[in-house]
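Fit chain B to the known structure of chain A by using the hints.
Protein chains: 2
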Amino acid sequence: MYKIELSSDDVPKKWYNINPDLPGELPPPMNSEGKNQIESLPQIFSKGVLEQEFAQERYITIPKKVRDLYMRMGRPSPLFRAKALEELLNTPAKIYYKREDMSPTGSHKLNSAIPQAYYAQKDGVERLTTETGAGQWGTALSLACSQMDIDCTVYMVKVSFDQKPFRKAIMEIYGGELYPSPSAHTEFGKKVLAETPDHPGSLGIAISEAIEDALANENVYYSLGSVLNHVMLHQTVIGQEVKTQLEIAEEEPDMLIGCVGGGSNFAGFSYPFIKDKLDGNSDCKFIAVEPSTCPTLTKGSYDYDFGDTEGLTPLLKMFSLGHDFVAPSVHAGGLRYHGMSPQISLLTKEGYIEPRSVHQNEVFKAGITFAKSEGVVPAPESTHAIKAVIDEAKKCKETGEEKTIVFNLSGHGLLDLTGYDKYIHNDLEVDGK
Amino acid sequence: MYKIELSSDDVPKKWYNINPDLPGELPPPMNSEGKNQIESLPQIFSKGVLEQEFAQERYITIPKKVRDLYMRMGRPSPLFRAKALEELLNTPAKIYYKREDMSPTGSHKLNSAIPQAYYAQKDGVERLTTETGAGQWGTALSLACSQMDIDCTVYMVKVSFDQKPFRKAIMEIYGGELYPSPSAHTEFGKKVLAETPDHPGSLGIAISEAIEDALANENVYYSLGSVLNHVMLHQTVIGQEVKTQLEIAEEEPDMLIGCVGGGSNFAGFSYPFIKDKLDGNSDCKFIAVEPSTCPTLTKGSYDYDFGDTEGLTPLLKMFSLGHDFVAPSVHAGGLRYHGMSPQISLLTKEGYIEPRSVHQNEVFKAGITFAKSEGVVPAPESTHAIKAVIDEAKKCKETGEEKTIVFNLSGHGLLDLTGYDKYIHNDLEVDGK
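The listed protein sequences correspond, in order, to chains A and B. The opening position of the first sequence corresponds to residue 144 in the numbering used here, with each subsequent residue numbered one higher. The opening position of the second sequence corresponds to residue 144 in the numbering used here, with each subsequent residue numbered one higher.
Pulled out of the complex, with its shape left as it was, chain A reads as follows (with noise of 0.2 Å):
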């Protein structure tokens, strides 16, 4: 059996909400002196999905009509058995992978951004803004709010912006309007570009402009792709499904492995198998993939910090580098953010996620590698979690341990080539390795 798939009807009905089952408090947000900023939340934010930010309930009801539309949009996906690089590694792990990157957007940015363009029309806005860093978020977000009939403005990273020509065609294919960022169009992107012209811009300063434009415009709401608990919860039809799939296969997982940027694909595929780490019923591994030139969980500092480059969020507690860093221009444009999901955050502070840090080489070889035995083209940010995947089967050919490893393909790199073109004809980018 080389796919398992789950029919319409095994779509899951709730998310899973972690937040009740947190070891321990999580550190509420906090204002900054003089700054009551989350008093702002309301006007940003859809009523929805503020109830669910700080929901204390296990399970939260999908409403009918986000269901029906995961169902039209293609869920649930298929959870692979990667036999391929199995033979290719000659290793007795038995791999699984879930194939978030056969949603119609090409990852699994489309589980939030469908719930989140249904509370914001159903609030009655007109519009939405968002940044985006590889593409993937914003792309989704442009889909779901033409299902949903409001406009959607996007802010690109520059530097992604730069480095995936076609994301702009396929925004705009599905009706959103798009800005390299820093841009001209706000007032903060303007002070950035006037003190650095050529800016590449980073994700913190694309939530700043999406923000600005949000406060400063009536019926129109900010929406996050990440790091926040509600798209956390959203995601987690991801690792319902992969839990369903893998009791039809038989198959107890020894290790979960996702990428981690800002921590929502991870989240969403492993929350449900924490779960029952946090019940004691699991001996199961988690690992966090990050790039190298973007250490957030393995060289940040646990503390509070803004979300956003100009201070316009709360402030979380969470691993972060600063809230000014800008890293450096790698092609997983998803995962250089310079923080964290406050819950992984915890989570990985008490032990229960195992982070790791990866090379930019050494990640396009394992996605060539994956391509070449599996057929699909990953991400550049899932590639990340395909490194770590192969190392960990390599052990196992060590070691001659038959476990079962699971990862979450959080998207196919079609429109993110350009990194892997360069990684072939020797160009890539140097990140310290």
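Be aware that a few hints might be false.
In silico DSS-like cross-links for lysine-lysine, where the CA-CA straight-line distance does not exceed 25 Å [claimed, not checked]:
#1 Lys208/B <-> Lys146/A
#2 Lys207/B <-> Lys237/A
#3 Lys515/A <-> Lys207/B
#4 Lys156/A <-> Lys146/B
#5 Lys208/A <-> Lys237/B
#6 Lys146/B <-> Lys207/A
#7 Lys207/B <-> Lys190/B
#8 Lys146/A <-> Lys515/A
#9 Lys508/A <-> Lys538/A
#10 Lys428/B <-> Lys226/B
Derived from the structure by calculation, the hints contain no laboratory data. Every value quoted in this text rests on a predicted model; they were computed, and no experiment measured them.
Same frame as chain A, now just chain B:
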């Protein structure tokens, strides 16, 4: 039910060969005076595919290794109900589409690339040469060759090569070697370039180059992505799966719609249903949609012609615009071929297939309508089918008929976004409308 999934076990065990069921005898391939080309076929084709080319058995067993690779690469592909499109059009018609875009290389082409690479490897061949228009075939053959551990050289029509900068990258990821055609890599390419240095290329020229490369080198075979019977029959896994899926959905199709270039996705999708019509057991309509700029079936003549520009292939009795025809630089590179599968040509001549031509602007409009409603960005080729589907669904709205329309989404357009980009920005090349 929005998607009808089959399990790995449901991958067909046999290919369907339409030869014995054709209405009347198929005119055989002919030699041109002084050029006994049929005798040269064994020099460039594997034994396996040559046998299939002229086979009279109705069903041909799919080799175990090929069927296994079909499964590994995700077959069977799902059949989707286009509910959102139906609602948008407010039509009583029921629209279904086969998801060949979900193949790892993004199109149906892998269905023939895998067996062609398999039979070549079986004959001890070290390298396959081929042509590619849009790039879908070259991508699929690059992956299939990588799976069989043989090399792959692709001659890509120059205008498509220029329109699609990332096609090169993806073929190289899979290990393929790519030349824009006409190229300086072959004598014929050099000749064309000497006469017309800025020649945009054509599939006919690219085929000539690929055949010359195969003839000139030891242990090198040539591989064709469409037109010939063995390619058509490999593709019948599509239609056989659709039959099973429509039975599950309890649907009897009123019409099947597909785009046509050389004919392979259309044949693979429709032949198992055309068989029923040939047997007198079906009233289904079959609509083959081509670009108005390359109107092979609608304006070509049914006569003997070469499959390539130089005249290296045997003469085939088919609809053709002439082997020196150079189609305008429209973006559906996969449909810019002067000829057509001899079997499809005969079936069209005999009235079993209804040909139709559509304009480039209207197909991109249809493609965007589909992308915004169903989520998937279709390949420029597939949008031709979608334009006809929308037309038929609108007719149903007028007449109130609840017809069941099924079409083949032969591929996605994520590597072919230049045309969409130009359409959105009103920069599309004029094609007569």
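Right, here's what the structure says about each hint:
Distance restraint check for Lys208/B and Lys146/A: the Cα-Cα separation of roughly 17 Å lies within the 25 Å cut-off, and the hinted pair is therefore satisfied. Note on Lys207/B and Lys237/A: the hinted pairing holds, with a Cα-Cα distance of about 23 Å set against a maximum of 25 Å. Of the pairs offered as hints, the one joining Lys515/A and Lys207/B holds, with about 20 Å between alpha carbons and a cut-off of 25 Å not exceeded. A threshold of 25 Å between alpha carbons decides the hint, and for Lys156/A with Lys146/B the separation of about 18 Å falls inside it, so the pair holds.
With a CA separation close to 21 Å, the supplied pair Lys208/A and Lys237/B stays within the 25 Å bound. Restraint check for Lys146/B and Lys207/A: the C-alpha separation of about 18 Å stays at or below 25 Å, so the hint holds. For the proposed pair Lys207/B and Lys190/B, the alpha carbon gap of about 17 Å is at most 25 Å, so the pair holds. At most 25 Å may separate the alpha-carbon atoms for a hinted pair to count; Lys146/A and Lys515/A meet this at roughly 18 Å.
Taking the CA atoms of Lys508/A and Lys538/A, the gap is about 18 Å. The hint holds against a cut of 25 Å. In summary, the hint linking Lys428/B to Lys226/B is supported, as the alpha carbons are separated by about 22 Å, within the 25 Å threshold.
Going through the hint list in order, the structure satisfies each hint without exception.
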